[in-house]
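*Asks:* Residues per chain, in single letters:
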Amino acid sequence: MDVKITEPSLPFPGSIQDTPGGGIVLSKLDDVINWARSNSVWPLTFATSCCGIEMMSAASAKYDFSRFGFEVARATPRQADVIIIAGTIVNKMAPVLKRLYDQMPDPKYVIAMGACAISGGPFFYNTYSVVKGADHIIPVDVYIAGCPPRPEALLHALITLQEKIRSGLTRDQIRAQFSEDGK
Amino acid sequence: MGNDELLEKLKELFPDASIEQGNDWPELLFEHAQVADGKFLEVVQTLKSTNEFLFNYLFCETCVDWKTHFNMVYHLESTQYRHSMVLKVKLNHEQPSIDSLSFVYRTAEMHEREIFDLFGIVFTGHPNLKRIILTEDWVGHPLRKDYDDPINMIKL
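In order, the protein sequences belong to chains B and Z.
All residue numbers for the first sequence refer to our numbering, where the first residue is 617 and numbers rise by one.
All residue numbers for the second sequence refer to our numbering, where the first residue is 3 and numbers rise by one.
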């Protein structure tokens, strides 16, 4: 399968045919939609522990994820496109997380930030209350390692998510592509 | 009142309890039998209302599981004299129960619900003794050393 992932250096998917007095843009509607979507991914304000502090740092002036189109964190899932699971998910929080995810409008994306959201992290052993990985509850698009990850790592994850959105592939297609490449 | 003076007064008042100077404050330890049948409330009322003590502030209430027994730990302070003390009661492990302090210190009401939830200590006279953190249908008390949950816990 020949899939072209839009490079960051290629801001608009498609080609421009020069004609006298201007030009014609040739592209696919899907590509244009994905390109637009990837540049406006509003996160949900959802932080359950210390990763939330790093997320706030990534949102504030020093790192400022608005520069990449993550414009502003929304306090309601109905206006959010991506949920950054920033922290430990305990059994009592699990139904809440599921409900928040269900309330988000499609298309929606999930980033698992930090060790707790990936696998339970430091709370993997000998605990009765922690969910061993947020992907037991909702599907995750991008995982970031770290305890907590630095804001740069979160930015990297967000940009990775943008690339994933621009590729326009479903989860199954990406998995098939990876298995073809023998990765 | 300074710690040394407090220690002497407490020894005078409770000759049968074991009293020692802890790291920070005097520590008063009772066996459960010594404070059974409502005597515990009398002890606490004495500490709260005697003019030279006036321990009118319960700033911490917790429990320790020593496997053979439980220790209830109460940290008391006087907002007037700014002195503090620790009150401990040893409870047996089979059927741990003690008088509730929720009518002496209102703050104890929530603390005792939490201790009941996580340690399973029964507070007699508590107005609303039910689980506060865990779900109502939870089985067991997770902060006990012998707690086991084969479904949710992965043992290392």
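In case anyone wonders, no lab produced these hints; they're calculated from the structure.
Take these hints with a grain of salt, some might be off.
[To be verified] In silico EDC-like links for lysine to aspartate or glutamate, alpha-carbon gap of 16 Å or less:
1. Lys724(B) with Asp680(B)
2. Lys708(B) with Asp119(Z)
3. Lys708(B) with Glu138(Z)
4. Lys69(Z) with Asp150(Z)
5. Lys90(Z) with Glu33(Z)
6. Lys90(Z) with Asp119(Z)
7. Lys748(B) with Asp151(Z)
8. Lys90(Z) with Asp150(Z)
9. Lys69(Z) with Asp39(Z)
10. Lys724(B) with Glu779(B)
11. Lys708(B) with Asp148(Z)
12. Lys69(Z) with Glu10(Z)
*Asks:* Next step is simple, just say for each hint if it's right about the structure.
*Replies:* Verification of the supplied hints:
no.	hint	in the structure
1	Lys724(B) with Asp680(B)	22 Å, violated
2	Lys708(B) with Asp119(Z)	15 Å, holds
3	Lys708(B) with Glu138(Z)	12 Å, holds
4	Lys69(Z) with Asp150(Z)	14 Å, holds
5	Lys90(Z) with Glu33(Z)	9 Å, holds
6	Lys90(Z) with Asp119(Z)	20 Å, violated
7	Lys748(B) with Asp151(Z)	15 Å, holds
8	Lys90(Z) with Asp150(Z)	27 Å, violated
9	Lys69(Z) with Asp39(Z)	25 Å, violated
10	Lys724(B) with Glu779(B)	15 Å, holds
11	Lys708(B) with Asp148(Z)	23 Å, violated
12	Lys69(Z) with Glu10(Z)	32 Å, violated
Taken one by one, the earlier hints fail for this structure at numbers 1, 6, 8, 9, 11, 12, listed in ascending order.
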